[in-house]
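**Student:** In case you want the letters, here they are:
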Amino acid sequence: DVVMTQSPLSLPVTLGQPASISCSSSQSLLSSDGNTYLNWYQQRPGQSPRRLIYRVSKRDSGVPDRFSGSGTGTDFTLKISSVEAEDVGFYYCMQGTLWPPFTFGPGTKVSIK
Amino acid sequence: EVRLVESGGGLVKPGESLRLSCEVFGFPFATAWLSWVRLAPGKGLEWVGRSKSKNDGGEINYAAPVKDRFIISRDDSKNTMFLQLNSLKTEDTAVYYCTTDPLWTAGDYWGQGTLVTVSS
Numbered sequence: 031d032v033v034m035t036q037s038p039l040s041l042p043v044t045l046g047q048p049a050s051i052s053c054s055s056s057q058s059l060l061s062s063d064g065n066t067y068l069n070w071y072q073q074r075p076g077q078s079p080r081r082l083i084y085r086v087s088k089r090d091s092g093v094p095d096r097f098s099g100s101g102t103g104t105d106f107t108l109k110i111s112s113v114e115a116e117d118v119g120f121y122y123c124m125q126g127t128l129w130p131p132f133t134f135g136p137g138t139k140v141s142i143k
Numbered sequence: 003e004v005r006l007v008e009s010g011g012g013l014v015k016p017g018e019s020l021r022l023s024c025e026v027f028g029f030p031f032a033t034a035w036l037s038w039v040r041l042a043p044g045k046g047l048e049w050v051g052r053s054k055s056k057n058d059g060g061e062i063n064y065a066a067p068v069k070d071r072f073i074i075s076r077d078d079s080k081n082t083m084f085l086q087l088n089s090l091k092t093e094d095t096a097v098y099y100c101t102t103d104p105l106w107t108a109g110d111y112w113g114q115g116t117l118v119t120v121s122s
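As you go down the protein sequences, you meet chains Z and R in turn.
Heads up: the first sequence begins at 31 in the working numbering, then just goes up one per residue.
Heads up: the second sequence begins at 3 in the working numbering, then just goes up one per residue.
Chain Z extracted, bound-state conformation (with noise of 0.2 Å):
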């Protein structure tokens, strides 16, 4: 199975500052259909995960545009460019490429220093 490791697991941000969340998968997830199926996730506080980004760059319906991701291969990062106290919670990025299983990175806790 294709392991997900998250850099950092805490990451304390001051409002309004970037940040920044680095994803590495153990092989690459790049499809033979040319397509890379990495996933990113928020989880806030009491609340169900929804996801972000899909295909590494591409953001759902509704997600603010201070959101963005990038990456090739086996090494993806998720950024916010100005946090808002409303982004607090886990960030998770997820594999879809070498599936089953679709395998998420351990999570990083995002918090308001």
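For the record, the hints were derived by calculation from the structure and aren't laboratory data.
Any given hint could be a false lead.
[Stated by the list, open to error] Straight-line alpha carbon distances no greater than 25 Å define the calculated SDA-like cross-link-like pairs of lysine to any residue that follow:
1. R:K45 <-> Z:G64
2. R:K54 <-> Z:L60
3. R:K69 <-> Z:S56
4. R:K91 <-> Z:V33
5. R:K54 <-> Z:D90
6. Z:K143 <-> R:K45
[Said to hold, decoys possible] Covered, in the sense of this in silico footprint (three residues per stretch, anywhere, with C-beta under 8 Å from a C-beta of chain Z), are these stretches of chain R:
7. 48–55
8. 86–94
From the three backbone atoms N, C-alpha and C, an ideal C-beta is built for every residue, glycine too.
Mind docking chain R on chain Z? Use the hints.
**Tutor:** What follows is chain R alone, placed relative to chain Z:
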């Protein structure tokens, strides 16, 4: 409005069984690929299994920790997907979510989750 509504969670003893339901509103269930994902206390998200639509072959896949114990099924006439949890272990304690397919590009929808607690 698209909604996914889980039900059926509860407190059970190790070795017992439980059946979770996920009723889908607002989009064509018969063509939907759906997954179960769980969140155990103090842990991260874990994919449990996936059901493709019958139109697309009806394939069902499971994560290794639940394979041979959990069974996913669906009733298209009731717009409902089920997760039968058998031979439950304490480590199966989690909030179980149903969700649209992680690879679906047309949207992302999750239920509110249902809590399963396995404890003696």
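**Student:** Flag every earlier hint the structure violates by its number, smallest first.
**Tutor:** 1, 8
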